[in-house]
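Residue numbers (my numbering), protein chains in the order written: chain A, 1 to 247; chain B, 1001 to 1247; chain C, 2001 to 2247.
In short, the hints are calculated from the structure, not lab data. Be aware that one or more of the hints could be misleading.
[Claimed, not checked] Just a sample of chain C residues kept apart from chain B, beta carbon distances all over 10 angstroms, derived:
| no. | residue |
| --- | --- |
| 1 | 2003 |
| 2 | 2023 |
| 3 | 2037 |
| 4 | 2053 |
| 5 | 2058 |
| 6 | 2075 |
| 7 | 2092 |
| 8 | 2128 |
| 9 | 2130 |
| 10 | 2132 |
| 11 | 2173 |
| 12 | 2178 |
| 13 | 2180 |
| 14 | 2187 |
| 15 | 2201 |
| 16 | 2232 |
[Claimed, not checked] Only pairs whose alpha carbons sit at most 27 angstroms apart, straight line, appear in this in silico BS3-like list of lysine-lysine:
| no. | chain 1 | residue 1 | chain 2 | residue 2 |
| --- | --- | --- | --- | --- |
| 17 | B | 1026 | B | 1003 |
| 18 | B | 1143 | A | 205 |
| 19 | C | 2026 | C | 2096 |
| 20 | A | 205 | A | 143 |
| 21 | B | 1143 | A | 3 |
| 22 | A | 201 | A | 26 |
| 23 | B | 1143 | B | 1201 |
| 24 | B | 1205 | C | 2026 |
| 25 | B | 1003 | B | 1096 |
| 26 | A | 3 | A | 96 |
| 27 | C | 2003 | A | 143 |
| 28 | B | 1143 | B | 1026 |
| 29 | C | 2201 | A | 143 |
| 30 | B | 1026 | B | 1201 |
| 31 | B | 1205 | B | 1143 |
| 32 | C | 2143 | C | 2201 |
| 33 | A | 26 | A | 205 |
| 34 | A | 143 | C | 2096 |
| 35 | B | 1003 | C | 2143 |
| 36 | B | 1143 | B | 1096 |
| 37 | C | 2205 | C | 2143 |
| 38 | A | 201 | A | 143 |
| 39 | B | 1143 | A | 96 |
| 40 | A | 26 | A | 3 |
Here the structure is a predicted model, which is why all the values come from computation and not from measurement. Every residue gets a Cβ at the ideal spot worked out from N, C-alpha and C, and that includes glycine.
For reference, the chains in residue letters:
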Amino acid sequence: MFKAIVSASTLRDALDSVSVLVEECKIRLNEDELAIRAVDPANVGMVDLSLEAAAFESYEADGGVIGVNLSRLEDIAGMANSDDLIQLELDEETRKLHIQIEGLSYTLALIDPDSIRQEPDIPDLDLPAEIVLEGNQMNRGIKAADMVSDHIRLRVDEEAEAFYIEAEGDTDDVDLEITREELIDLTAGPADSLFSLDYLKDMNKAIPSDAEVTVELGEEFPVKLHYEFGEGMGHVTYMLAPRIQSD
Amino acid sequence: MFKAIVSASTLRDALDSVSVLVEECKIRLNEDELAIRAVDPANVGMVDLSLEAAAFESYEADGGVIGVNLSRLEDIAGMANSDDLIQLELDEETRKLHIQIEGLSYTLALIDPDSIRQEPDIPDLDLPAEIVLEGNQMNRGIKAADMVSDHIRLRVDEEAEAFYIEAEGDTDDVDLEITREELIDLTAGPADSLFSLDYLKDMNKAIPSDAEVTVELGEEFPVKLHYEFGEGMGHVTYMLAPRIQSD
Amino acid sequence: MFKAIVSASTLRDALDSVSVLVEECKIRLNEDELAIRAVDPANVGMVDLSLEAAAFESYEADGGVIGVNLSRLEDIAGMANSDDLIQLELDEETRKLHIQIEGLSYTLALIDPDSIRQEPDIPDLDLPAEIVLEGNQMNRGIKAADMVSDHIRLRVDEEAEAFYIEAEGDTDDVDLEITREELIDLTAGPADSLFSLDYLKDMNKAIPSDAEVTVELGEEFPVKLHYEFGEGMGHVTYMLAPRIQSD
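Extracted from the complex, chain A is given alone in its bound form (with noise of 0.2 angstroms):
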């Protein structure tokens, strides 16, 4: 059983922080949340979102599994203006999904769950770093690396105390440093990586430019984002692994 209610820019915002990742996926649906987690084909990015029962207007769910197209779902939720009120209910015997906006019903046939791709486990790491930033600002940065580099490096310089976002290119390079005056928070520790920018690129696509996002880092280990959506009831935590620095 799964019927619920939710304006449409806190679905969007759930779905686009997942479909960068994945075409396809398994949503969870728990008695007190929406639940996502994936991970990209090349196993490279992982997400895991959840959506508090209390996001919505209304909401009622008894544990369920299904597997959605994202850009099929997306494409309906953007028929509705942003506070619009989209409901929807899953027909347990068809296994498809109704979906309601103002008048319009469109009727989502659902995917197997069981031919979507596992879930991954999302581990616990105890990474020593930890900045606090606008999206705006890792959007910086994420610009300016694109224009040198495939490659993009996030560092915390404990001493200077500030963080950096970094790309070198065959000839140029680009360094942008944000101290702690112009974060939000910081925990140094020792923290430098490296990454792919492509997959940065498609996670930041989906951070709100107005977000507060957390990234825990380490050396050489993979990073965690976080950052939160639809008045602070929706999660967002990407993971992405490092690439080994040549030098």
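Using the hints provided, position chains B and C relative to the given structure of chain A.
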């Protein structure tokens, strides 16, 4: 003889309504109105346009016929600001149309009207249902249908007193209900027909989102769409042949 | 030695005026100004740019020459907001340009100036007519000409005291008349020349629509276009060779 002055926005609305169906057309320069009738190459969609002499700042014509390339004429009209006036004057000898827009003169070579496909006779049909709605309601249904199918079904439910825009895809379905209360007007009657979505999308492109659209509908019969532009002095009727419903 | 601070918008205007003609150029870092001269690969269009030291927030230079990739430098300047300041500093040893924009550091590898096409000598021409008009008037004529031809004719009618931008296509013609009253200034004289529209379109892209453009024109002679940017402290002159008129 033809000499007229018209606002750029009125001329553009007129041209757009025809150019969605054909690339070239005959324009009848009648004494009391400018008139265009055209049918698309596949004989599926027709348009009947008239723009009253009163819609022009000034209008003199004596019943001639000219042939024009519509996209060329749209490009020229596109050089004007919306509230600019466009002067049109036919040079009978050279068969060229002189177009003046605020100091800019454009000499447009006309097309021999005899080389253009014959104008269709748009049949009088006594269709049992008439739905009056806003352009943007129509647009919403067409956009939704386009997510799942190449066909679109328009129907009236006489008991529910509502108009339905529907589409059935291979796996997903869409259904937009517009009730009598949401419609501008409804004359209910037996009406249920299927149409090619591509044609309806094209016609819809020309319909201003705030226009009042009158839909005349029957059972497996052509649909007629009427709307006005140019402060009520321009009149467009589209007619679209039905698709045979397979079920 | 070169060290300067300049507003992003001024730097972008300078780069844009040159990049419409060439991909790489030499920049002369003179004591009192930054100067660029360049000619396109086909020797048809030339640009002569100077940006006075006073146009910078601060400026120190001793006459060196650097070679740059313009689109790369434009991308970097594009990372700044219009009112951001951009710091430029030449590292003589590594032959790299260090660019700083609000915490972002970019190290740009320079190009050996000797590998860049020689700077043209832009001839002094005593052209008989001078037309001063707004960038958007020029733009309108170019856009209109582009509908019918690859060439554009600029001429002055000494009796009518007007400037004409004209184009003749295979079937259609375009003629924009700008009278003395509509012009900012006119020194009439025998002037009638034909130009490649592609070049004039490119030059026009760099000219701000609210700039005052001075056109120097003769009979089958090159045209010179002047405009200013950077609050009057940046100066651009384009010279474009004429096409031989076939009639």
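Hint check results:
1. Its beta-carbon lying about 47 angstroms from the closest one in chain B, residue 2003(C) satisfies the requirement of being farther than 10 angstroms from that chain.
2. Every Cβ of chain B is farther than 10 angstroms from the Cβ of residue 2023(C); the closest lies at roughly 31 angstroms, confirming the non-interface assignment.
3. Against the 10 angstroms criterion, residue 2037(C) stays outside the reach of chain B, whose nearest CB is about 35 angstroms from its own CB.
4. The non-interface label for residue 2053(C) is consistent with chain B: the shortest C-beta to C-beta separation is roughly 41 angstroms, beyond 10 angstroms.
5. Every beta carbon of chain B lies more than 10 angstroms from that of residue 2058(C), the smallest distance being close to 43 angstroms; the non-interface claim holds.
6. Look at residue 2075(C): its CB is around 32 angstroms from the nearest CB on chain B, clear of 10 angstroms, so calling it non-interface holds up.
7. No Cβ of chain B comes within 10 angstroms of the Cβ of residue 2092(C); the nearest lies about 52 angstroms off, and the non-interface call holds.
8. Distance check on residue 2128(C): its Cβ is at least 24 angstroms (rounded) from any Cβ of chain B, clearing the 10 angstroms threshold; non-interface status holds.
9. A cut-off of 10 angstroms between C-beta atoms confirms that residue 2130(C) is not in contact with chain B; the least separation is 20 angstroms.
10. The Cβ of residue 2132(C) sits about 17 angstroms from the closest Cβ of chain B, beyond the 10 angstroms cut-off, so the non-interface label holds.
11. The Cβ of residue 2173(C) sits about 4 angstroms from the closest Cβ of chain B, inside the 10 angstroms cut-off, so the non-interface label is violated.
12. A cut-off of 10 angstroms between C-beta atoms contradicts the statement that residue 2178(C) is not in contact with chain B; the least separation is 6 angstroms.
13. Non-interface status of residue 2180(C) relative to chain B is upheld: no Cβ of that chain comes within 10 angstroms, the nearest being about 13 angstroms off.
14. The Cβ of residue 2187(C) sits about 20 angstroms from the closest Cβ of chain B, beyond the 10 angstroms cut-off, so the non-interface label holds.
15. For residue 2201(C), the condition that its CB be more than 10 angstroms from all CB atoms of chain B holds, with the nearest at approximately 15 angstroms.
16. For residue 2232(C), the non-interface assignment is confirmed: its Cβ lies about 29 angstroms from the closest Cβ of chain B, beyond the 10 angstroms cut-off.
17. Of the pairs offered as hints, the one joining residue 1026(B) and residue 1003(B) holds, with about 17 angstroms between alpha carbons and a cut-off of 27 angstroms not exceeded.
18. For a cut-off of 27 angstroms, the pair hint linking residue 1143(B) to residue 205(A) stands: about 25 angstroms separates their Cα positions.
19. In summary, the hint linking residue 2026(C) to residue 2096(C) is supported, as the alpha carbons are separated by about 14 angstroms, within the 27 angstroms threshold.
20. Of the supplied pair hints, the one linking residue 205(A) and residue 143(A) holds, its CA atoms being roughly 11 angstroms apart against a limit of 27 angstroms.
21. Simply put, residue 1143(B) and residue 3(A) have alpha-carbon atoms about 25 angstroms apart, close enough for the 27 angstroms limit, and the pair holds.
22. Of the pairs offered as hints, the one joining residue 201(A) and residue 26(A) holds, with about 23 angstroms between alpha carbons and a cut-off of 27 angstroms not exceeded.
23. The straight-line distance between the Cα atoms of residue 1143(B) and residue 1201(B) is roughly 8 angstroms, inside the 27 angstroms bound, and the hint therefore holds.
24. Note on residue 1205(B) and residue 2026(C): the hinted pairing is violated, with a Cα-Cα distance of about 50 angstroms set against a maximum of 27 angstroms.
25. For the hint linking residue 1003(B) to residue 1096(B), the alpha-carbon distance of about 12 angstroms falls within 27 angstroms, and the restraint holds.
26. Restraint check for residue 3(A) and residue 96(A): satisfied, since their Cα atoms lie roughly 12 angstroms apart, inside the 27 angstroms limit.
27. At roughly 25 angstroms between alpha-carbon atoms, residue 2003(C) and residue 143(A) fall within 27 angstroms of each other, so this suggested pair holds.
28. In summary, the hint linking residue 1143(B) to residue 1026(B) is not supported, as the alpha carbons are separated by about 31 angstroms, beyond the 27 angstroms threshold.
29. Straight-line distance between C-alpha atoms of residue 2201(C) and residue 143(A) comes to about 30 angstroms, which puts the hinted pair past the 27 angstroms bound.
30. In summary, the hint linking residue 1026(B) to residue 1201(B) is supported, as the alpha carbons are separated by about 23 angstroms, within the 27 angstroms threshold.
31. Using a Cα cut-off of 27 angstroms, the hinted pair residue 1205(B) and residue 1143(B) holds, with the two alpha carbons roughly 11 angstroms apart.
32. For the proposed pair residue 2143(C) and residue 2201(C), the alpha carbon gap of about 8 angstroms is at most 27 angstroms, so the pair holds.
33. With a CA separation close to 21 angstroms, the supplied pair residue 26(A) and residue 205(A) stays within the 27 angstroms bound.
34. Between residue 143(A) and residue 2096(C) the alpha-carbon distance is near 21 angstroms, which keeps this suggested pair within the 27 angstroms criterion.
35. Using a Cα cut-off of 27 angstroms, the hinted pair residue 1003(B) and residue 2143(C) holds, with the two alpha carbons roughly 25 angstroms apart.
36. As the CA atoms of residue 1143(B) and residue 1096(B) are separated by approximately 40 angstroms, the hinted pair breaks the 27 angstroms bound.
37. Distance restraint check for residue 2205(C) and residue 2143(C): the Cα-Cα separation of roughly 11 angstroms lies within the 27 angstroms cut-off, and the hinted pair is therefore satisfied.
38. A C-alpha spacing of about 8 angstroms is found between residue 201(A) and residue 143(A), which places the hinted pair at or below 27 angstroms, so the restraint holds.
39. Note on residue 1143(B) and residue 96(A): the hinted pairing holds, with a Cα-Cα distance of about 21 angstroms set against a maximum of 27 angstroms.
40. For the suggested pair residue 26(A) and residue 3(A), the alpha carbons sit about 17 angstroms apart, so the restraint of at most 27 angstroms is met.
Checked against the numbered hints given earlier, this structure breaks hints 11, 12, 24, 28, 29, 36; the rest are met.
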